[in-house]
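Protein sequence lines, in the order shown, are assigned to chains G and P.
According to my numbering, the first sequence holds residues 713 to 1001 in order.
According to my numbering, the second sequence holds residues 162 to 321 in order.
FYI, nobody ran anything at the bench for these hints, they're computed from the structure.
Among the clues, some could well be false.
[Claimed, not checked] So these bits of chain P aren't anywhere near chain G, every CB distance computed over 10 angstroms:
#	residue
1	Val193
2	Lys218
3	Asn240
4	Gly247
5	Ala273
6	Thr291
7	Gly302
8	Asp303
9	Ile309
10	Cys317
[Claimed, not checked] Pairwise CB distance ranges, derived in the manner of DEER restraints:
#	chain 1	residue 1	chain 2	residue 2	range
11	G	Ser994	P	Ala273	31 to 37 angstroms
12	P	His234	G	Asp984	30 to 36 angstroms
13	P	Leu278	G	Leu969	35 to 41 angstroms
14	G	Gln997	P	Lys171	26 to 32 angstroms
15	P	His234	G	Gln997	27 to 33 angstroms
Beta carbons are placed, not taken as given, at the ideal position from N, Cα and C, and that holds for glycine.
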Amino acid sequence: MSKPINITLDDIVARTTDLPTFSAAALEVMKMADSANTRAQDIARVVSQDQAMSVRVLRLANSAFYGMSRKVSSLPEAVVVLGMRTVKNLAMVAATYPWMSKPLKGYDLGPMQMWHHAFGTALGAQMLAIKSRKCDDQLAFTSGLLHDVGKVALSLWIGEKLKAIVYYAEREGLTFDEAERKILGYDHTEVGEHLGKNWNLPDDVLLGVRWHHEPAKCEPYHAVADCVHLGSAMAMSMGLGIGGDGLLYKFDDGCYLRLGISPDEMDSITADYVESFKKYESMFQAMAA
Amino acid sequence: MGLAEIRIAKGPANFAFIGLGSCIAFVALDPVADIAGAAHIMLPKSGQPVKQEHLGKFADTAVGELVRLMESHGAKKENITAAYAGGASLAEVDGAAAKFDIGSRNLDAIKAVLDTLKIPVKATDAGGNTGRTLKMATSSGDVTVKTIKLGEAVLCSLRG
Chain G
713 MSKPINITLD
723 DIVARTTDLP
733 TFSAAALEVM
743 KMADSANTRA
753 QDIARVVSQD
763 QAMSVRVLRL
773 ANSAFYGMSR
783 KVSSLPEAVV
793 VLGMRTVKNL
803 AMVAATYPWM
813 SKPLKGYDLG
823 PMQMWHHAFG
833 TALGAQMLAI
843 KSRKCDDQLA
853 FTSGLLHDVG
863 KVALSLWIGE
873 KLKAIVYYAE
883 REGLTFDEAE
893 RKILGYDHTE
903 VGEHLGKNWN
913 LPDDVLLGVR
923 WHHEPAKCEP
933 YHAVADCVHL
943 GSAMAMSMGL
953 GIGGDGLLYK
963 FDDGCYLRLG
973 ISPDEMDSIT
983 ADYVESFKKY
993 ESMFQAMAA
Chain P
162 MGLAEIRIAK
172 GPANFAFIGL
182 GSCIAFVALD
192 PVADIAGAAH
202 IMLPKSGQPV
212 KQEHLGKFAD
222 TAVGELVRLM
232 ESHGAKKENI
242 TAAYAGGASL
252 AEVDGAAAKF
262 DIGSRNLDAI
272 KAVLDTLKIP
282 VKATDAGGNT
292 GRTLKMATSS
302 GDVTVKTIKL
312 GEAVLCSLRG
C-alpha cells in the first residue's frame, strides 16, 4: 500500500479519458477580472462566444434566486441588471456546473455532491474574502469553485481503492491528502494545479487549488489560500458534498490570525453561510432544468 | 432532511440525512403514540433569542422544539427514545482551532440537552473524521448509518 503507483502528473492529465475541458470564453471572462479597463459590455460579448454557457447564464439570471420582475432576455441586459461582477461569477458557475454536478465514484460522491462542495467552498471563500478584506472576493469565489478539480482527474485512478486509502490513512495516522501522496505520489491539490495549468488558469486562482489543505505553505503568502481553506472547512463541516474522504484533513488554525477573523465569529458566519447556500439552491434547480 | 430542518410524522415515514459532516442527525420515536421526529442540527448553541424558523439550527433549541411538536401531536415524553449520528471533525482542531470544532461542540451540546430533557438515547454513531448518512424507517423503528468503511449497518431500533 505504501509503494507509490507509477503514473506521472502528465500521465494523469493525458491518459484520463472524459476529462472536462475549460471553456475558452470562461477563461477569458476569468482573466478580465484582472483588468481595470474592462467595460460591462465586454463581459457580455465574451460570454456570448460560448453559446451553451450564454444559455446557462441567462437561465441563472432568470432563476428564482434573483427574483426578477420581468425576464432578462439578453446578456447585455443581464450585465446591466445584475452587474458585471455577478455575471462573471455566473459565467464561472455555468462553465463548471455541467461536469462538476456529475458523480465522482473514486471519492464516493453522488450526483450533485461534488457541485455542492465546490459551490459551498466558493461561497464560503467569497464571504471570508469580503469579511477579511484580505483578498479579492471574485478570485476567492473562482478559486473555491475549482479547488477540488484535481479530484475529477484522480477519481478514475482511485477507482475502487478509496476504502483501502481511508483504512491506510487511519492506520498510519495520516490525513487523506497525505495518504494520496504516499500511495499515488501526489495528492488531488497537485493534480488540480497541473490540470489548471494545462487549462491556462490564472496563477492566483491556482494558489487556492494547490494550497487549500496547507495554506501556510503558500509561498509567497496569498490570502486566497486561507479563504479557500476555511471555506472548504465550512463546507465539509456542514456536510456540503462529503465524500468517502470525509473530514480526514487538517485544519490550520493560523488562517484566523492571517485573515484577521476571530474564531468567536465563526458560528455566526457559518449560520449566515448556510442560509446563503440554501438560497442558491434555487439557482442550481434552474441550471438542471 | 435539509439543514436545520425539523420534521415529525405520525404513522409510516422515512427520514434520510445524506452526507453528514459536523452536523447531527437526531431521530426520536414514541412507539405508543406512533409519532416520530427528526432534526438536522447544524450548530451547538443559539446564544441569543432565535426566530421560530431557525429553531432547528441549534442543538440547544432543536431538540426541545422537536419534543414539543411531538407532544402537541399526542406523544408522551416518557415514551420517547432517541438516536443520533454525526458530529465529525476535521483532524487537529485543537488549541485556538477548537472553536471551529463544530462537531465536538455539537456532541457536547446535544448530550447536555438530552440530559436536561431526560430523553434516553438508544445508540449513537458520532465523532471521528468520517462522513455519515443516517436513515430511519418509522414503521420498523430501524435506524441505519452508512459510512465508507462499514457500509450501511443498523445502528439500533427505536421500537422494542
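field: Structure versus earlier hints, numbers of those that do not hold, lowest first
entry: Of the numbered hints given earlier, those the structure breaks are 2, 4, 6, 9, listed in rising order.
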